[in-house]
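J.: Take 2 as the starting number for the sequence shown in our numbering and just add one per residue.
In short, the hints are calculated from the structure, not lab data.
Check before you lean on any hint, since a few could be wrong.
[Claimed, not checked] Here are the computed distance ranges between Cβ atoms for each label pair: (1) Ala108 <-> Leu344: 32 to 38 Å; (2) Ser345 <-> Ser193: 29 to 35 Å; (3) Ile361 <-> Gly339: 25 to 31 Å.
[Claimed, not checked] Listed below are the simulated DMTMM-like cross-link pairs for lysine to aspartate or glutamate, each with C-alpha atoms no more than 25 Å apart in a straight line: (4) Lys107 <-> Asp164; (5) Lys200 <-> Glu325; (6) Lys40 <-> Glu227; (7) Lys107 <-> Asp69; (8) Lys45 <-> Asp35; (9) Lys107 <-> Glu227; (10) Lys107 <-> Asp41; (11) Lys138 <-> Asp214; (12) Lys272 <-> Asp346.
Each residue gets a CB set at the ideal place from its N, CA and C atoms; glycine is no exception.
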Amino acid sequence: MDFALSEEQQAIFDMAAAFGAEHIAPFARQWETDGTIPKDLWPKLAALGFGGLYVSEESGGAGLTRLDATLVFEALSMACPSVAAFLSIHNMCAKMIDTFGSDAMKARYLPAALTMETVFSYCLTEPGSGSDAAALKTRAAHSDENYVLNGTKAFISGGGYSDAYIAMVRTGEDGPRGISAIIIDDGTPGLSFGGLEDKMGWRSQPTRQVQFDDCVVPAANLLGIEGDGFRYAMAGLDGGRLNIAACSLGAAQSALTATLSYMGERKAFGKPIDQFQALQFRLADMEIEMEAARVMLRQAAWKLDQGAPDATKHCAMAKKFVTEAGSRVADQCLQLHGGYGYLSDYGIEKIVRDLRVHQILEGTNEIMRLIVSRQMLAARGS
Numbered sequence: 002m003d004f005a006l007s008e009e010q011q012a013i014f015d016m017a018a019a020f021g022a023e024h025i026a027p028f029a030r031q032w033e034t035d036g037t038i039p040k041d042l043w044p045k046l047a048a049l050g051f052g053g054l055y056v057s058e059e060s061g062g063a064g065l066t067r068l069d070a071t072l073v074f075e076a077l078s079m080a081c082p083s084v085a086a087f088l089s090i091h092n093m094c095a096k097m098i099d100t101f102g103s104d105a106m107k108a109r110y111l112p113a114a115l116t117m118e119t120v121f122s123y124c125l126t127e128p129g130s131g132s133d134a135a136a137l138k139t140r141a142a143h144s145d146e147n148y149v150l151n152g153t154k155a156f157i158s159g160g161g162y163s164d165a166y167i168a169m170v171r172t173g174e175d176g177p178r179g180i181s182a183i184i185i186d187d188g189t190p191g192l193s194f195g196g197l198e199d200k201m202g203w204r205s206q207p208t209r210q211v212q213f214d215d216c217v218v219p220a221a222n223l224l225g226i227e228g229d230g231f232r233y234a235m236a237g238l239d240g241g242r243l244n245i246a247a248c249s250l251g252a253a254q255s256a257l258t259a260t261l262s263y264m265g266e267r268k269a270f271g272k273p274i275d276q277f278q279a280l281q282f283r284l285a286d287m288e289i290e291m292e293a294a295r296v297m298l299r300q301a302a303w304k305l306d307q308g309a310p311d312a313t314k315h316c317a318m319a320k321k322f323v324t325e326a327g328s329r330v331a332d333q334c335l336q337l338h339g340g341y342g343y344l345s346d347y348g349i350e351k352i353v354r355d356l357r358v359h360q361i362l363e364g365t366n367e368i369m370r371l372i373v374s375r376q377m378l379a380a381r382g383s
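Construct the entire structure; sequences and hints are all you get.
T.: Structure, rendered in structure tokens:
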């Protein structure tokens with residue numbers, strides 16, 4: 002059992018961290034104020050292979066493992082978790098096309114996805130279906146050589162910003178077996194967007210409702226097999242949960258590193274505050290929690306790469322534990338900064354706000370507990 006990163010893995014992490022420090026961190030606060038991420042950032046990330054992290058090498062992607070990918074998102078989130086999480090969404094879409102798309106679809110969409118000339122968003126959640134994703138109502142009626150889409154998707158990162166959307170839509174019966182995946186290009190007649198959501202965090206990501214009103218899409222835009230869309234959606238969730246956990250880990254580490262520096266400079270009662278034992282205990286508790294989170298995340302990623310039968314359970318456990326640990330650490334870092342932590346200048350309050358949503362998306366942490374407990378009960382009965 003070897004817990005060390007390989008030289009290649011360390012190089013991947015270092016490359017992503019260096020890119021984030023130069024091209025993301027200095028601008029993250031301004032992008033948050035602007036409510037958008039400059040599109041010229043994405044081709045720069047794609048030049049490093051980050052537009053298709055786990056797209057196969059045969060298709061032109063980087064062909065990285067899920068563990069390798071968590072290192073990228075952890076490192077980029079040290080600069081800005083909002084930017085890193087958006088990149089994760091695009092990569093999930095690219096992987097779906099590579100895994101389930103026809104050769105013709107791959108030829109149409111993957112080259113531009115890999116260079117990030119085409120940025121993808123993912124549309125699953127609806128106003129009336131979040132955790133109960135199989136209850137989605139958006140319908141795609143087959144008509145001649147087209148599908149006609151009607152319905153609304155909610156909380157879509159990149160709504161009105163991205164170049165293409167993978168939407169889960171109902172093509173058949175109620176329940177999961179009636180759901181298919183379809184690609185909709187930006188500018189398609191009948192595709193429109195709601196107003197910009199005013200969010201607590203992830204404010205640099207434009208988030209809107211995505212609306213389909215008699216939106217006509219060629220039948221060739223069906224991803225994979227009709228009726229298999231829900232299976233495709235579920236297949237991507239384990240990796241997505243690892244990625245969002247990695248985003249919490251990286252951002253919390255950034256907050257902890259900044260707090261260590263601040264405590265060495267800030268003086269109270271005649272000495273630096275890092276000399277007070279009570280505050281040293283807090284630092285130790287945060288370091289312990291971060292290391293536990295890091296080991297749990299990487300073990301879950303390893304299990305997913307190995308195809309272990311309990312990989313889904315471990316991904317759920319890691320997502321729940323790491324996202325909550327990240328938020329606890331960020332909140333403690335804000336407290337240790339005192340009033341300065343509440344100011345945007347220090348960057349800690351942004352991390353606190355950005356990380357809160359990680360306990361909600363990619364399956365709420367309540368659903369993570371449900372996955373774990375059901376697998377425990379199933380194992381007991383076997």
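J.: Give me the numbers of the hints this structure contradicts, sorted from smallest to largest.
T.: Hint check: 1 and 6 fail, others pass.
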